[in-house]
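First to last, the protein sequences are chains A and B.
0 is the number of the first residue of the first sequence in numbering that gives the first Met the number 0; add one for each residue after it.
0 is the number of the first residue of the second sequence in numbering that gives the first Met the number 0; add one for each residue after it.
I should point out that these hints are in silico values taken from the structure, not numbers from a laboratory.
Just to be clear, a hint being listed does not mean it is correct.
Said to hold, decoys possible - Between beta-carbon pairs, the in silico distance windows are:
(1) A:12 x B:71: 15 to 25 angstroms
(2) A:72 x B:64: 30 to 40 angstroms
(3) A:56 x B:43: 52 to 62 angstroms
(4) A:21 x B:12: 19 to 29 angstroms
(5) B:13 x A:107: 40 to 50 angstroms
(6) B:35 x A:9: 41 to 51 angstroms
(7) B:7 x A:114: 32 to 42 angstroms
(8) A:31 x B:36: 36 to 46 angstroms
(9) B:19 x A:91: 21 to 31 angstroms
(10) B:75 x A:70: 41 to 51 angstroms
(11) A:27 x B:32: 20 to 30 angstroms
(12) B:52 x A:137: 35 to 45 angstroms
(13) B:43 x A:106: 17 to 27 angstroms
(14) A:27 x B:44: 31 to 41 angstroms
Unchecked claim - Computed list of lysine-lysine pairs in BS3-like fashion (alpha-carbon distance at most 27 angstroms, straight line):
(15) A:92 x A:56
(16) A:92 x B:16
(17) A:97 x B:16
Stated by the list, open to error - In silico contact screen, one side only, chain A against chain B (beta carbon under 10 angstroms); selected entries:
(18) 69
(19) 71
(20) 73
(21) 118
Here the structure is a predicted model, which means the values were calculated and not measured.
Built from N, CA and C at the ideal position, the CB exists for glycine as well.
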Amino acid sequence: MGVARRSIADFSRQEFEALRERLEFARETLHCGGAFLQAVARAYYVVFALASFLAGKYGVRATHVRGRNQVTDQDFSHSELPSLVYALYCGNKKENVKDPGSSPGIGSGNYNERAAYRSADMLMETRLEADYGPSSVPEPYGKEQADRWLTIAKNLTIDLETLL
Amino acid sequence: MTQSSTIDAAVEIEISKQHYARATVAYLTRLREIVGSLDTLTEGGHGHDYAVTVRASEKPRIWGLLADLRFEIDEEFGVTITTLAVSGEDQSQ
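Model the full assembly from the supplied sequences, consistent with the hints where possible.
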């Protein structure tokens, strides 16, 4: 009888803000300490947490396989982030996000929905690289590239914040 | 009625298979345009359909192109196919 894990979509605003503050503090601390790829990973999680929280607000849901069952819920996998971001940007369904909910969309943001999808996907890949990727050096891409990814994450965050 | 439904379902599955096959062919053709040789293409894992080995230094550029490809195939066929870019030899080697 374990306690079910709550998805971020179910968080209260206060719980979400606490999570976000924790992630942003980690992002800045890691960046200042020269752990650039891990800083990008934290920036990715800021986007993931924000998008997941917004999914709760606007009723965005994904249909995916859990065990042997097909379920529709708001517990998003990381590979679903691009399509979740897409749904929030334009209010349309994409891939596993079969129920786009009622997002009013982001009219004139840093990105359109397609660029946002691409950016979210790139951040997800970078996060995988940060946590699992094999490389011969700890920082294979350097500060300049990491800063470009951090800018992408910041742009997505600014756009999505308009939906809070 | 039951028989008709069964036939309908069978036809639907067959069409779905053909549709997926067409999507896969289109995907692999375009994937080759992105990464050149597909000699390093393998069955993916962890939620990826395929994995392709590329130079580590090329991964950031290729990630964006793979995201575009996944987007396009989903738009055209309603089929989601993903590829994980795996680090190969570094450019300096």
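Verification of the supplied hints:
1. A:12 x B:71: 15 to 25 angstroms: 37 angstroms, violated
2. A:72 x B:64: 30 to 40 angstroms: 31 angstroms, holds
3. A:56 x B:43: 52 to 62 angstroms: This hint is violated: roughly 33 angstroms between Cβ atoms.
4. A:21 x B:12: 19 to 29 angstroms: For residue 12 of chain B against residue 21 of chain A, whose Cβ atoms are near 47 angstroms apart, the range 19 to 29 angstroms is violated.
5. B:13 x A:107: 40 to 50 angstroms: Roughly 45 angstroms apart at Cβ, these two residues keep to the hinted range, so it holds.
6. B:35 x A:9: 41 to 51 angstroms: 45 angstroms, holds
7. B:7 x A:114: 32 to 42 angstroms: 40 angstroms, holds
8. A:31 x B:36: 36 to 46 angstroms: 41 angstroms, holds
9. B:19 x A:91: 21 to 31 angstroms: 22 angstroms, holds
10. B:75 x A:70: 41 to 51 angstroms: 27 angstroms, violated
11. A:27 x B:32: 20 to 30 angstroms: Cβ of residue 27 of chain A to Cβ of residue 32 of chain B: about 40 angstroms, so the range 20 to 30 angstroms is violated.
12. B:52 x A:137: 35 to 45 angstroms: Given about 21 angstroms between the Cβ atoms, the range is violated.
13. B:43 x A:106: 17 to 27 angstroms: 36 angstroms, violated
14. A:27 x B:44: 31 to 41 angstroms: 34 angstroms, holds
15. A:92 x A:56: Holds, because 16 angstroms separates the two Cα atoms, which is no more than 27 angstroms.
16. A:92 x B:16: 23 angstroms, holds
17. A:97 x B:16: Holds - the C-alpha atoms of residue 16 of chain B and residue 97 of chain A are around 21 angstroms apart, at most 27 angstroms.
18. 69: 15 angstroms, violated
19. 71: 16 angstroms, violated
20. 73: Violated, about 18 angstroms.
21. 118: This interface hint holds because 8 angstroms falls under the 10 angstroms limit.
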